[in-house]
Structure formats: C-alpha cells, structure tokens
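From just these sequences and the hints, can you work out the full model?
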Amino acid sequence: MDNFKVRTMADMMAAGEKPDILFWVGCAGSFDDRAKKVTKAVGRILHHAGISFAVLGTEESCTGDPAKRAGNEFLFQMQAMNNIMVLNGYEVTKIVTACPHCFNTLKNEYPQLGGHYEVIHHSQLLQELLDTGKIKVEGGTFKGKKITFHDPCYLGRANEVYEAPRRVIMRLDSLMVEMKRSKSNGLCCGAGGAQMFKEPEPGNKDINMERTEEALALTPDTIAGACPFCMTMLSDGVKLHNKETEVKVKDIAELIAEAIDL
Amino acid sequence: MLSQIIFSLFLLAGSYFFARKVREISRNIKLGRDLQINDRPADRWKVMARVALGQSKMTSRPVAAFFHLLIYVGFVIINIEVMEIIIDGIFGTHRILSFMGGFYDFLIASFEILAVGVLLACVVFLSRRNLLKLKRFWMREMTSWPRTDANLILITEIFLMSAFLIMNATDSILQSRGADHYVLAGAFPVSSLLVPLFNEMSNDGLMALERFCWWFHIIGILAFLNYVPYSKHFHILLAFPNTWYSKLEPKGSFTNMESVTTEVKMMMDPSIVPPPVAPDAAPPRFGAKDVKDLSWKQLMDAYSCTECGRCTSVCPANITGKLLSPRKIMMDTRDRLEELGNGINKNGPAYEDGKSLLNDYITPEELWACTSCNACVEACPVLIDPLSIIIDMRRFMVMEQSAAPAELNGMFTKIENNGAPWQFSPADRMNWTES
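Chains as they are written, first to last, in this note's numbering: chain A, 13 to 274; chain B, 3 to 437.
These are computed hints drawn from the structure, not numbers from a lab. A couple of the hints might just be wrong.
Pairs of lysine-lysine, BS3-like flavour, derived with a Cα cap of 25 Å [as the list claims (entries may be wrong)]:
| # | chain 1 | residue 1 | chain 2 | residue 2 |
| --- | --- | --- | --- | --- |
| 1 | B | K135 | A | K217 |
| 2 | B | K249 | A | K195 |
| 3 | B | K299 | B | K249 |
| 4 | B | K249 | A | K210 |
| 5 | B | K59 | A | K192 |
What follows is the structure, encoded as structure tokens:
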C-alpha cells in the first residue's frame with residue numbers, strides 16, 4: 013500500500029517474525045469496492061500507530077457467518093474448522109476485524125470448535141489507540157459537522173459494544189446526534205441473517221429505507237457506521253433518496269483516517 | 003360448619019385442578035430436547051432478581067411499566083390477605099390475623115390502597131387495548147381468543163378488587179354497629195369512602211353482602227388460579243424460571259450443533275471413529291420441524307409469553323410489512339405444543355398427528371424474513387428468545403429439506419467453492435493493498 017507493504021502471516025512466519033495482532037479483513041473488506049476503502053483506512057491507521065500487524069491474505073476464508081444465520085450449520089462448521097486450523101497453525105492470539113459479523117463469529121462461535129482468540133472490533137482498537145495517544149486527531153476536519161452513528165446489530169445488541177464507536181466519533185470534535193432508535197434499540201439495516209444475499213420477503217418497504225429515512229430526518233452531514241453490510245444498505249438508501257452529495261455514509265475508520273490526514 | 007366444609011372442598015378442588023394442569027404443562031415442556039442449563043448459578047439468580055423480580059426490562063416503556071408495577075405489587079402483597087381468607091375459611095374464624103393490632107391495620111390499609119391501584123391499572127390497560135386500540139394489540143396474530151384472554155384477565159381482576167373493597171366497606175359498618183363476629187379490626191382508607199352506599203342497609207343485608215363478597219372473592223381467586231395456566235397470564239409464574247434459565251452468552255452467540263461437529267470432524271479426518279449409536283435409535287433430525295425438535299427451554303419460552311408484542315413492535319421485518327412476527331412464533335409454538343399435549347392426554351405418549359410447527363403453523367416466508375438482529379430478544383421483558391426458534395427451523399429447512407431460497411443456495415455454493423459469499427477468487431484477497 014502507498015508507502016508500506018501489508019504483510020501476510022506466511023511472510024512473517026518465513027521471516028521468523030510474529031505480529032502483535034492479526035487483521036481479519038473479511039470477504040466484504042477484501043472484495044467489495046466500497047468496503048475495500050474501509051480496509052485500507054484500517055491498514056493505514058494500524059501502520060500510522062506503529063502496530064505490528066499481518067493479514068492472512070489468500071489463506072483467509074469466509075468465517076461462515078452468513079451460512080450459520082441461514083441455517084447451514086454444516087457449511088459454517090466446515091469453514092470454521094478450516095479457518096481455525098489456519099489460525100492455530102500461525103499461533104494467532106489476537107485478532108482485529110472491521111466486520112461485526114466476522115467479529116461476532118470469531119469471538120463467540122469459534123471457541124466451541126477449538127478456536128480461542130482475543131477478538132476485538134476495529135471500533136474498540138481505534139478507541140484504545142486514541143485513548144492511549146498512539147493516534148492523535150488534530151485539526152478540525154469534522155469540526156461542527158453533524159454526525160449520527162448507526163449501531164450494527166452484531167456489534168451492538170449481539171455483543172453490547174455501544175460506547176467504543178461513539179467515543180471514537182467524539183474525538184472528531186463534531187456534533188454527534190442520535191437517532192431515536194439507537195444503541196440497544198437500534199434498528200437493523202436489513203442485511204443481517206443472510207438477508208444481504210437475497211431479496212427481501214414481500215412487504216411494504218425495504219428495511220434499509222426505513223433506517224435511512226430515520227437517519228436523514230436528522231439532516232446529518234455524515235451517517236457513520238462500523239459494518240460493511242450496513243455500509244451497503246445505508247449507501248443504497250441515501251442514493252435512492254438522491255442525497256448522496258449532501259450526506260456521506262462513512263465507516264468510523266475512514267473518519268479517523270481522514271481526520272489525521274492519512 | 004357446613005360453610006367450612008364447602009370452603010375446604012372448593013380449596014381442595016381448586017388446588018387439585020391447578021396442580022394437574024401445571025403438571026401437564028411441565029410434561030409438555032419436557033417433550034422438548036434435553037438441554038443442560040445449570041452453569042453460573044450466581045449469575046442466574048442475579049438475572050432473575052433483576053429481570054423477573056425487579057422488572058428491569060419493563061422500564062423501556064414507562065407508562066406500561068408503572069401500571070404493570072401496580073398490578074404486580076398488588077398481586078404479590080394482596081396474597082397475604084388471601085392467606086387470612088383461607089385460614090378463616092377452613093377454621094370458621096373471622097379476620098384471624100387481627101391479633102396483630104396496629105400492624106394488621108397497616109396491612110389492611112396497604113391492601114386497600116394497592117387494590118385501588120390494581121383497579122386503576124386494569125382500567126387503563128383495558129382502555130389501551132379496546133379504546134386507544136394500540137397497534138401491537140391488534141396485529142395479525144392477535145385474533146379473537148388472544149384479545150379476549152387479555153380482556154378476561156383484566157375484567158376478572160377488576161371484579162376481584164371490587165369484591166374485596168365492598169367486603170371491607172360492609173365489614174367496617176358491621177364492626178361499628180358491634181355486630182356479632184365482626185371484631186373491631188383493620189383500617190379502611192379506601193373502602194370507608196364506599197360506606198355511604200351501604201349505610202342504610204340492615205345488619206342482615208350487610209352480612210349477606212359481606213359474605214357474598216367474601217365468597218365471590220375467594221372462589222374468584224380459585225377460579226382465576228385455574229384459568230391462569232390456560233392463559234397468557236401464566237407468565238406470572240414462568241417469568242421466574244424463564245429468566246433463571248435464560249441465555250447468559252452474548253446475544254450474537256448462536257448454539258453450536260454438536261451432531262454436526264461430529265460429522266464435520268469425520269469428514270475432515272477419516273481416521274475418527276464415529277461414536278456408537280444405539281441400533282434402534284431414530285436418526286437425529288437437524289434443526290426443528292416440530293415442537294419436539296426444540297429444546298425444553300424454547301418450549302418454556304412459549305408458555306412464558308404474555309403476548310405483549312414488544313418483540314414484534316421492534317422487529318425490522320414486521321415494521322416494514324413482512325409476515326414475520328416474533329410474537330406469533332412464540333404463540334404458534336405454544337398452540338402447537340398444547341395441541342400435541344392434548345393429543346397425548348387422549349391417546350397416550352406415542353401420539354403423532356402428522357402435523358408440525360413448520361408449515362401447519364409457521365410458514366417458510368415468515369422464517370426467511372428474519373435479519374437475526376436480536377431486537378426481539380432485547381425487547382422481551384421475560385427474556386424469551388424467538389430468534390433461536392427461527393434459526394432452528396431454518397436449520398431444518400436447509401439441512402433436512404434443502405429448501406433454502408435459491409439465492410441463499412447460490413451463496414452457500416460460493417462459500418464452498420471460493421471461500422466467500424460472492425464469486426471472487428481467493429487469489430484476489432490481497433487486491434485491496436494495491437492502488
């Protein structure tokens with residue numbers, strides 16, 4: 013990447029090194045063009061903070077989350093056991109990921125199959141880096157800008173991480189506004205439970221429109237998220253309302269990367 | 003003496019039939035899959051104390067929380083009065099606890115104030131349901147029986163509280179007139195306001211009315227006790243065990259299917275010897291088609307549901323007009339279990355009726371609309387988990403019937419072939435580092 017090379021676990025092992033943390037990129041983060049920008053932002057922040065990290069690269073495979081939520085436990089466990097073999101082979105102890113679905117699955121569902129790691133979401137890592145001064149937000153890129161945060165279900169309700177992303181946003185010196193349905197009452201973007209990969213059942217509205225309208229009613233400059241699926245759903249919602257020039261949908265990692273000019 | 007015998011018979015019959023129905027429900031719950039839940043007892047007691055005893059989940063809707071608290075506290079405290087009524091009834095005494103003097107006055111006064119609170123709350127709740135017609139009480143699954151059930155409970159409580167207050171009013175007049183048996187006891191801050199209504203009546207008339215209210219109150223309570231296990235109102239008992247046995251893991255953690263783990267391990271390592279299976283054992287079913295495939299805890303969830311609809315009112319699928327309603331999932335599970343249980347009562351434990359929870363009650367369309375967002379689980383005041391039932395039924399459709407929506411089958415194939423839910427080569431996983 014730009015001025016540094018993202019290393020893989022295989023590289024590191026060949027060189028007899030071990031990173032402090034594995035960055036689990038996830039399928040969306042690897043292949044979805046919009047989510048790839050978030051992945052880059054996370055990579056840049058990790059590098060900027062001087063953290064020794066590596067990725068699995070071509071050895072990474074779907075955690076199995078969408079298969080498990082859709083009821084395909086066989087496929088989930090096949091994916092999980094293969095990933096666990098790779099992770100344990102590299103003696104991975106700590107993982108960070110920018111995807112709440114990967115985060116939840118790795119943290120909560122891999123231990124029962126033999127994968128025991130300390131798993132954190134990038135919102136938690138960003139908060140820690142900001143709190144310990146390893147990264148500093150200066151200048152007023154977002155000063156006075158109105159930002160609302162959409163809680164991803166698998167970060168919020170599923171794992172009760174509500175404060176970390178908010179404390180990251182607070183650092184931007186911006187105006188944080190909350191939607192009525194936030195934190196434990198947050199409304200889903202509509203993508204969870206494998207809905208991302210299918211058309212919705214018949215109804216009178218798409219869930220992402222319901223959520224986008226709630227966010228747009230606050231007339232924010234930015235709708236902040238922390239999940240690649242929410243990113244897709246909310247970006248689509250904003251586009252369908254022809255608001256994409258006024259309202260940006262951004263991941264918290266992108267906001268921090270922008271604020272520290274990475 | 004005769005009235006003591008009649009009373010004792012009512013008490014015995016009321017207790018017997020209640021116990022019989024509770025045993026039947028307990029048997030129905032045990033039709034579910036076995037599941038060991040006894041880890042972390044200290045945490046479980048805390049959850050029960052906070053959520054069931056302390057009503058912590060109710061507070062998200064403060065108006066309902068306040069009136070519900072009135073009924074809850076009233077119900078629990080007024081039961082002390084019922085104890086006195088039972089002792090009086092068996093032994094032919096009158097206000098046996100009055101020897102407590104000032105404390106007895108305090109108790110009776112508290113019961114009266116609580117009784118008014120309960121009465122008021124029931125009127126408010128009836129109005130919310132029938133006059134304001136709050137949306138969540140009139141949704142698709144709220145057919146005529148669930149609506150009637152709710153109204154019956156509220157109206158019964160109004161009658162019971164009225165009888166209690168009229169009983170006290172007439173009693174206090176008889177006390178002041180120095181009538182036989184009617185010892186001077188109790189303080190009547192509320193029923194004293196009713197005294198002018200009855201003051202003109204003769205002692206005989208008052209006694210008849212007092213006795214009528216006394217009998218109406220206690221027989222009403224026994225009848226209500228027997229109605230509760232047939233009703234959504236059973237939550238008053240099951241809220242406690244149901245919160246104790248609730249899931250302590252993070253909400254995002256879905257159950258691991260051990261049966262699948264065994265098979266996947268064998269596929270990955272052919273040297274693993276499969277565990278011995280009893281020769282006549284039925285092959286295990288993956289996921290849930292009917293209530294017997296669910297765990298006993300999921301079945302207890304169904305009996306604990308009081309159909310308040312908080313789950314459905316926060317369900318993103320339901321809000322946007324899809325068929326899915328988490329409350330309906332719970333109501334269907336209970337209705338199906340009751341149907342199966344009634345069949346077993348008539349035909350013995352091996353009874354099968356060829357029906358199932360899937361299709362006969364819950365349609366695939368409902369199940370596939372779920373985003374697994376856990377909003378329903380978060381909303382439930384007694385920690386019911388509708389999502390786990392939805393996932394177990396999806397597991398049956400996918401693993402036993404191969405009946406997932408076509409797009410999801412496509413997603414599965416892509417994960418199998420190229421390790422991602424979209425069609426990209428694993429070789430491209432590092433592409434984001436370029437540019």
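Outcome of the hint check:
1. B:K135 x A:K217: Holds: K135 (chain B) and K217 (chain A) sit about 24 Å apart, inside 25 Å.
2. B:K249 x A:K195: holds, 20 Å
3. B:K299 x B:K249: holds, 10 Å
4. B:K249 x A:K210: Roughly 29 Å between the alpha carbons, so the hint for K249 (chain B) and K210 (chain A) is violated.
5. B:K59 x A:K192: OK: K59 (chain B) and K192 (chain A) at ~18 Å, within 25 Å.
The structure fails hint 4 only (numbered hints given earlier).
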